[in-house]
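Work the whole structure out from these sequences, hints included.
Everything in the sequence shown is counted per our numbering, starting at 78 for the first residue and increasing by one.
Accuracy of the hints is not assured; some may be wrong.
FRET-style restraints, in silico, Cβ to Cβ [said to hold, decoys possible]:
no.	residue 1	residue 2	range
1	Ser411	Asn193	32 to 40 Å
2	Ile175	Ser451	30 to 38 Å
3	Arg321	Glu255	38 to 46 Å
4	Ser277	Glu407	42 to 50 Å
5	Leu190	Pro230	17 to 25 Å
6	Leu339	Ile242	15 to 23 Å
7	Tyr233	Gln184	23 to 31 Å
8	Arg251	Glu353	31 to 39 Å
Note that these hints are calculated values from the structure, not bench results. Quantities reported herein were computed from a predicted structural model and do not represent experimental measurements. In this text, a Cβ means the ideal position worked out from N, Cα and C, and glycines have one as well.
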Amino acid sequence: MKTSVKNDVSHSRRLVKFCCLFSPNLGAIYGRSPDLPAPMKRSVRPLFSLLLLVVIVTTLSCRTAIRRSFGYFQLENDVTVKLAVPVFNSTLLRHAAIDMGEAQAKQEVEQLLEGNFGAPGGGRSISSWQRLNHLDVRSRPSVSKLPINFRSPKYYRLWLDFRRILRDWSRNKRYQPEIMSELISLVKRPLDRHYGFGDSDRPYASCAVVGNSGILLKSEYGGLIDSHEIVIRLNNARTEGFQRNVGSKTSISFVNSNILHLCARRNGCFCHPYGETVPIVMYICQPVHFLDYTLCNSSHKAPLLVTDPRFDVLCTRIVKYYSMKRFLEETGKSPEEWGPTHDGAMFHYSSGMQAVMLALGICDKVSMFGFGKSVEAKHHYHTNQKAELHLHDYEAEYAFYNDLVERLQAIPFLADKFKAIRCFIHFSRDSM
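Structure, rendered in structure tokens:
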């Protein structure tokens with residue numbers, strides 16, 4: 078930062094010298110041009126000194142404003158901080174790219190495409206289909222095979238849709254960080270059509286992502302949350318009775334597919350605590366949950382969107398990088414030892430993390446509420462749950478959120494995609 082200031086002063090001096098060629102008066106004040114007339118009287122020197130000060134301040138301000146487009150980040154209190162060029166740990170980048178559960182996931186997809194619902198996780202979803210649609214549970218000789226009713230004309234079309242959706246999702250599952258630039262067309266446009274906003278490529282002006290942490294009960298952010306253009310809520314968290322803390326407005330319901338799986342047991346797949354007109358954006362936890370999606374999508378009045386698998390892969394890599402980095406710094410162990418301690422094949426980002434990532438792709442300003450924890454606060458503000466899920470590394474995700482606010486370019490896999498997104502975290506007074 079000192080070097081930058083010196084350069085700015087040097088530049089200002091050169092600017093004044095340049096002005097001296099055209100103004101003898103300024104040259105007299107600056108005292109660096111022997112070819113110019115003698116100094117002016119002292120009575121008028123203060124006036125030109127003030128003029129010189131204005132020139133210098135204006136020059137520095139313009140240079141600073143220009144630099145904000147090249148590696149500067151503006152915090153909430155309008156303090157401008159220069160961002161250092163990020164240097165990422167190549168070993169962590171390489172290990173973060175390894176999907177420990179990839180082989181198992183591919184095998185499960187292949188079994189589902191063959192109609193084998195005896196694979197791990199298969200029976201959990203097919204049972205809900207049978208109860209909801211009063212299916213005849215008679216099947217082929219192997220009970221693990223697809224129920225014979227899906228071969229009937231009534232359900233065969235659903236079966237074909239399920240296979241097509243699952244196959245496309247599986248084939249598209251790869252690392253492609255450019256997916257962030259596609260979220261406007263993949264998510265925002267369908268939402269805009271639903272809400273009648275018109276077709277626009279412009280991001281939303283402001284988005285609030287409301288987490289479910291119990292720290293929300295210690296603050297009254299309801300009005301501030303509802304003042305955002307778009308409000309994103311997680312996993313059908315209840316708002317009734319908590320409006321003062323969490324607000325009442327909901328624009329997007331962001332859920333994991335386990336939530337829809339539970340909703341699929343209800344009449345008409347009802348999954349709308351915020352109203353039937355609120356769109357749902359969902360990420361897939363298990364491939365078999367596409368069965369629930371195929372059934373419920375036709376009954377929903379509002380859009381039911383599944384996150385692009387490329388987006389899922391990107392989120393996984395980012396969180397895994399932060400988790401491994403934290404693991405190495407705290408334990409001094411090797412990256413290879415991270416997996417056994419974090420159930421590597423099952424390790425997953427939280428719903429909140431991906432909701433924040435979604436907001437980054439479709440919003441100009443992102444505000445986070447209810448992200449954090451306190452010893453005295455419940456895990457979720459609307460339940461009595463105390464413990465955290467072990468398949469998430471919340472501390473690693475908190476480090477990610479901190480970089481979103483303070484060092485956006487320090488985030489791996491994203492550094493070249495975002496340069497001036499404004500992110501804010503709102504904490505309760507007791508959790509800071």
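For each hint, the structure was consulted:
1. The given range of 32 to 40 Å is respected by Ser411 and Asn193, whose C-beta atoms sit roughly 38 Å from each other.
2. Checked against the hint of 30 to 38 Å, the C-beta distance between Ile175 and Ser451 comes to roughly 34 Å, which is consistent with it.
3. Against the hinted window of 38 to 46 Å, the Cβ-Cβ separation of Arg321 and Glu255 comes to about 41 Å, which satisfies the hint.
4. One distance hint, 42 to 50 Å for the beta-carbon pair Ser277 and Glu407, holds here, with the actual separation near 45 Å.
5. At about 21 Å, the CB distance of Leu190 to Pro230 agrees with the hint of 17 to 25 Å.
6. For Leu339 paired with Ile242, a C-beta distance near 20 Å keeps the hint of 15 to 23 Å intact.
7. At about 25 Å, the beta-carbon gap between Tyr233 and Gln184 stays in the expected band of 23 to 31 Å.
8. For Arg251 and Glu353, the Cβ-Cβ distance of about 35 Å falls inside the hinted range of 31 to 39 Å, so the restraint holds.
Violated hints: none; the structure is consistent with every hint.
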